[in-house]
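Number of protein chains: 2
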Amino acid sequence: MNNFNDDKNISKHIVRRLPRYFRFLGELSEKGVERISSTDLSKLMNVTASQIRQDLNKFGGFGQQGYGYNVNHLRREIGRILGIDVPHKVIMIGAGNLCSAIMHYRSFPRYGFNIVAAFDVCPNKIGKDINGIEILSMDKLESYIDENHIDIAVLTVPTSSAIEVFERLGKTSIKGIWNFAHVDIEMPNNIKVENVHLSESLMILSYNIADVEGHE
Amino acid sequence: MNNFNDDKNISKHIVRRLPRYFRFLGELSEKGVERISSTDLSKLMNVTASQIRQDLNKFGGFGQQGYGYNVNHLRREIGRILGIDVPHKVIMIGAGNLCSAIMHYRSFPRYGFNIVAAFDVCPNKIGKDINGIEILSMDKLESYIDENHIDIAVLTVPTSSAIEVFERLGKTSIKGIWNFAHVDIEMPNNIKVENVHLSESLMILSYNIADVEGHE
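Top line first, the protein sequences correspond to chains A and B.
Counting in our numbering, the first sequence runs from 1021 upward without gaps.
Counting in our numbering, the second sequence runs from 1021 upward without gaps.
Any given hint might turn out to be false.
The list treats identical chains as interchangeable, and a pair is accepted whether it falls inside one copy or across any two copies.
[What the hints assert, rightly or not] In silico DSS-like links for lysine-lysine, alpha-carbon gap of 27 Å or less:
| id | residue 1 | residue 2 |
| --- | --- | --- |
| 1 | K1191 | K1160 |
| 2 | K1032 | K1063 |
| 3 | K1191 | K1063 |
| 4 | K1191 | K1145 |
| 5 | K1109 | K1145 |
| 6 | K1145 | K1160 |
| 7 | K1109 | K1191 |
| 8 | K1032 | K1109 |
| 9 | K1148 | K1109 |
| 10 | K1109 | K1160 |
| 11 | K1051 | K1063 |
These are calculated hints, taken from the structure and not from any lab test.
Could you put together the complete structure from these sequences and hints?
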């Protein structure tokens, strides 16, 4: 939980920009940069310095006039706001190709997202493992989540099964669903859903290609 | 190319909503629904009817008062605006797990995104195939793109190689890059880039979980 729950004015747009700040600050930190002005950060990130100041002031403002931002401090604070200063227990549902790709992503464990089990309906897969993580039967889904205090379920099942899985998850103690299935589901307010609709992203690219004259 | 290049007022936000309209209209069409009012569509999509009317009026407005929208016609028009009424030739760069997952996505060929080759630097992979598509050497990247009139390159290489690949693509006739590497690169205006930063999406989910009181 972060300290900013009482600030109802943080727009979704600002929140969506925070991971990008986090990434650039991480790269600066790796290069040994200790502090940076909003002007230099704005050039690096290709946004205006005023947007940077506005965004970060929303979170209390970590900069000091004439000094700029302390890179490590600001990165740590943004990490804390994003809730990635605490580890998350993650399960995969649907042990196919996309599941396998996600399980091999090295940056997820680095940010504290620890995959502890995968689930599938396919008898050929159950009992095997991906990257050392065992594939369990979907029969055990609810009990596993509740007994192991799982935070996040990653949904990489086909669209046709997704609604049923959402309904089952809705009755568990899961806190968040990272959904790659091509459906939008309304869940109770205590379960957060973040959708990654890959074909929609590809359509946007298609639009931008077609739109050669360029809109802003 | 679409007919709306002369309308500079189409906001990115509206464009980003079009694929979702396209998906819902496709589902209605599959169910045999021929027409729908903005009110019914708004309930289905969980947005306001006024937003639907505003969005679709931007594109000339396909609805008729008292009749609603013709589902197939509207879907076809949105598909045309998105540029997915024409096929796209696609190559994959980086033949790893994520590449394999994308190559097995059934919805991409359905929308006219046809993967014709994959590229990798790894000698063990070159000459093999994924899902029937041959893996070629990165040495052939530029000549293959230009000779085969490739529209889109999908980048699933590690972050460390991504910048070099972007630079190489910048000298080809490629029109768009669908980028899964964890970098943002500025490209010449004739090459469009659509980023899918998976770890940023997961951080947003983490924020929303931490933020249990719920912001709007």
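Outcome of the hint check:
Taking the shortest alpha-carbon separations for K1191 and K1160, only the intra-copy value of 14 Å comes in at or below 27 Å, while the best inter-copy value is 52 Å. Within a single copy, K1032 and K1063 get their C-alpha atoms as close as 23 Å, and across copies as close as 23 Å, so both meet the 27 Å cut-off. With identical chains, the CA atoms of K1191 and K1063 are at most 27 Å apart between copies only, with a shortest distance of 24 Å across copies and 47 Å within one. Taking identical chains as interchangeable, the C-alpha atoms of K1191 and K1145 lie at most 27 Å apart only when both belong to the same chain, with a minimum of 25 Å there against 44 Å between chains.
In the homo-oligomer, the alpha carbons of K1109 and K1145 lie at most 27 Å apart inside one protomer (22 Å), although the nearest pairing across protomers, at 34 Å, exceeds that limit. Taking the shortest alpha-carbon separations for K1145 and K1160, only the intra-copy value of 14 Å comes in at or below 27 Å, while the best inter-copy value is 37 Å. In this assembly of identical chains, the alpha carbons of K1109 and K1191 lie at most 27 Å apart only when taken from the same copy (18 Å versus 43 Å across copies). For the homomeric pair K1032 and K1109, the shortest alpha-carbon distance inside one copy (25 Å) is at most 27 Å, but the shortest distance between copies (35 Å) is not.
Taking the shortest alpha-carbon separations for K1148 and K1109, only the intra-copy value of 20 Å comes in at or below 27 Å, while the best inter-copy value is 36 Å. In this homomeric assembly, K1109 and K1160 come within 27 Å of each other (Cα to Cα) only inside a single copy, at 16 Å, whereas the closest approach across copies is 42 Å. For the identical chains of this complex, K1051 and K1063 are intra-copy neighbours only, at 17 Å inside a copy versus 50 Å across copies, given an alpha-carbon limit of 27 Å.
Taken one by one, the earlier hints all hold for this structure without exception.
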